[in-house]
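There are 2 protein chains.
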Amino acid sequence: MNLSELIKSNSERKFFAVYPENPKAYEESLQAAGLAAFQARFNSNYTFIDDNATDFIGEEVSPYLQTGIGIKYAQYDTQTIINNSASAFNIWKKTDLDLRIKVLTNSLDRVKERFFEMAYATMHTTGQSFLMSFQASGPHACDRALEVLATAYQQMTVYPKDVVWTKNMGKFELTINKNFKPIPKGISLAIGCSTFPTWNSVPGIYASLVTGNTVIVKPHPKAVYPIAIFIDELKKELKANGLPTNVIQLAIDSAQNPLAKILAAHEQVKMIDYTGGNTMGDYIESLNKTCFTEKSGINSVIIESVNNIDPVAQNIAFSASLYSGQMCTAPQNIYVPADGISTEDGNLTFDEVKDKIIGAVSALLLNPKAGAPTLGAIQNDATSKRIEEVKDKYPNQIQLNDLKIDNAEFEHARIKSVNVLVVDAKDESIYLKEYFGPLICIVKTESKDQSIAIAKNSAEKNGAITCLAFCTDADRMATIEEEMNSVFTPVSFNFTGAAFVNQHAAWSDLHVSGGNPSGNASFTNADFINRRYIWIGNRYMS
Amino acid sequence: MNLSELIKSNSERKFFAVYPENPKAYEESLQAAGLAAFQARFNSNYTFIDDNATDFIGEEVSPYLQTGIGIKYAQYDTQTIINNSASAFNIWKKTDLDLRIKVLTNSLDRVKERFFEMAYATMHTTGQSFLMSFQASGPHACDRALEVLATAYQQMTVYPKDVVWTKNMGKFELTINKNFKPIPKGISLAIGCSTFPTWNSVPGIYASLVTGNTVIVKPHPKAVYPIAIFIDELKKELKANGLPTNVIQLAIDSAQNPLAKILAAHEQVKMIDYTGGNTMGDYIESLNKTCFTEKSGINSVIIESVNNIDPVAQNIAFSASLYSGQMCTAPQNIYVPADGISTEDGNLTFDEVKDKIIGAVSALLLNPKAGAPTLGAIQNDATSKRIEEVKDKYPNQIQLNDLKIDNAEFEHARIKSVNVLVVDAKDESIYLKEYFGPLICIVKTESKDQSIAIAKNSAEKNGAITCLAFCTDADRMATIEEEMNSVFTPVSFNFTGAAFVNQHAAWSDLHVSGGNPSGNASFTNADFINRRYIWIGNRYMS
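Top to bottom, those sequences are chains L and X. Quick note: the first sequence uses the numbering used here, first residue 1, plus one each step. Quick note: the second sequence uses the numbering used here, first residue 1, plus one each step.
Please keep in mind that the hints were generated in silico from the structure rather than gathered at the bench. The model shown is predicted, which means the values in this text are computed figures rather than measured ones. Only true hints are included.
Computed footprint of chain L on chain X, listed as stretches where at least three residues anywhere in the stretch have a Cβ under 8 Å from a Cβ of chain L:
1) 172-185
2) 481-495
3) 511-517
Every residue gets a Cβ at the ideal spot worked out from N, C-alpha and C, and that includes glycine.
Isolated chain L, as found in the complex:
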């Protein structure tokens, strides 16, 4: 592990991957071992090395099997968890930065040995495909943690530890010795979501830990197992270094007795990392504590001009279908001007563009080799129900209705194909809402400028994490970039082939800008680290 190389890579915002994302890059025996470990966990208690509980709870359900997986986790009284954290904090805050970095990087190498178990754990809690489960929860999450460690090391060593300060007073020199210390804030809470239980939570957890804070992880009760693997390995590595295992703790809860608000509002909790819906996210932000939120938004696609429509339609179809639109980066609203778009082979009408997109979605999903693996499964039954309600409400707008997709491996998988509504720009009440899951809207706008204006206003009001634009004119590209950037939304231009707008996290893409309602923090800039501690300068008369 070469931290200075990571820092350089991080500063240059180039690609780096310490943990290969291809499962084939790992020892072949690991896959079978991972599957066995996963199966052995079924219907048992997942205990950590320091567990001494009598109560165990758990309610995870596999979206592929649609049955409970029966894993339970130790449940403790909330104040006990807080007290444990406070007591571990007294030691962890004084632990040397180099040792903290060592413990944290080692914990990632430990998790690496369990990447395959992690992949199955993620599949059978989130409904992601095996490949996405492997990549997102394992290597991408670990790479993201490394980015955080590299940024933290850089930021926390930016001032000298000690400096001799002199000031010429005319007849003499005034000399004062100063020290500069990054003082951690205290107990940190990480609230996880059901769809990306490690990828979204690991950055905040490692950012709080490396800066000397202790962490309580409160995962979504339906997606505990993947992050439990991180907690497990962190505890082992802490113990191996003679450090308190309660530096990291799991706070398990249930849908019936949720803990998020209780923990977030607790006066001893100083910081909160949150990924999830807006209602809870807005509550977290209202607490006036240090918090880092990733909430929801409505991502847009702006189509103005293309060389060739086919690869464009295929790219959009894949981005909208991947994990059934359950990614925070997935596009929802596709803006196409009423008078169509230009291509190398002449103009296309609105209807032709719309038909190309619908055709590409159908072709992708009906391809037996591609459909099921691209869609994965729906994490939560409520997602399917919400989309059925929308379809019932707007029957005239549905132009692609549920396709029947089978999953050869899991006959009971909770599958829902991508639904397409075609709407007019004036029907804002239909499309200016977030539809989490497999539903996209193709919006007929009055003009290219109206497309931009709607996408911009929506990003400012509803939030947006991504914007995908297709445009072959340099001046118009500059306009789109400026307008969307002004509401703090990044733009990806003319993605086709292997580049997808959803891939927006693991490689220094400043995932979530922090500047619009989709979240108040970016995972990969200095603030994500620096707001977790306070620089203090002390002075000594020499």
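Got chain L sorted already, so can you dock chain X onto it with the hints?
Just chain X, lined up with the frame of chain L:
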């Protein structure tokens, strides 16, 4: 102006001063010219180059003359000011960083030519002595602005503007061109205070400007003139570079019709810098906007052990008397154990320590050469009245009552000497309040540990910007530092001679930690810059 040297100096947290703090370092003719410019301003309208107003208002009163100085400033409708700012923002945000830096550094050099006028303007609005007025409002404010510019330049160039990003996909390489842009947030509001109208406001103003935001300055209605000089010279330099003068604007108000809340709550105002009392500061923080506050707090002195009490008592006396305790860094509560302190010459009882401090205050203030210049004048009559009320309420605790100090130069100066209450640690209701102005409390504690505990709890609850400690034992020093740092309060140890705890701003001392209720931001760290813009990464398929 060597920016890279400033960046280095800033990073090393060493001393640098581009603008000498000694008035004698400037051309001799400047002082008379400054006085003449100041006098010419009396009873006239202060107009900027772009003023076209019909209404002019102003209510500044000299604390030295106790008469109005009659200067009036152009008054505009609030929405007009906002619209002007929004329109200037569209150009300023696109102005190259190098040009912004040039305009801003040049504006400081322009202000430098008016340092003496600035000194008189500050004296006759704030009541500071001539020397403090010169130093704080002129060179120290300009040096602080330069620190901000250096930090901003460093932070805003931390990512490459463009990068070619490649990812090995096995059979081919995926190549994406990326750009990274710091996008400014918009209109910024700077709310000034009555005691340090430039020193406290200039950092936030220059931080917002350099990051591409426009600024509306809403000074305290009793202290407008000093910051008007900065606005004046900024407008001239903007115009000289063909840029909109409304990048910076003055919003004048009056005690009867205050504008601070109206502007702060305005939906087009995206950021707020605030210095002042807690009530308004808490309101600003509650708005859930990007804000940087410096509020009030209770600063402490902890005395455990000294080599020699006399220089210690003199140091405390000077720090408490300087500008009549109207500095945010001034000590208020002095904690001394009931069983006394140790010195090189044996123990001193509590009463001996207390008498030494009271004696040192009296000796300083009754020294005709030192008393009046050290105290300056009381900015606001309400400050004097509040202290009289405290004395009426706690007659048994007063052990040093108003001394009669004359100011030879200004017979009508509003002078109040430092009052000393001596209280028991259990009388928290007396001393755990902020007494802004010339009043200190010597607190008899049960033990050294209780001294620390009270100072710590007070910093956590009431806020604290400084802590001065006297201690000759290395282990105890470490304890004091750790305990006070844990509530994000810096400690200055064993200051005597020319080192004073009040001097806590202009030289990278991380003034206000941002970690306790005395404020939510530090003037000299990266967050003070970085929270004013959002990094956005755009991607282009190549």
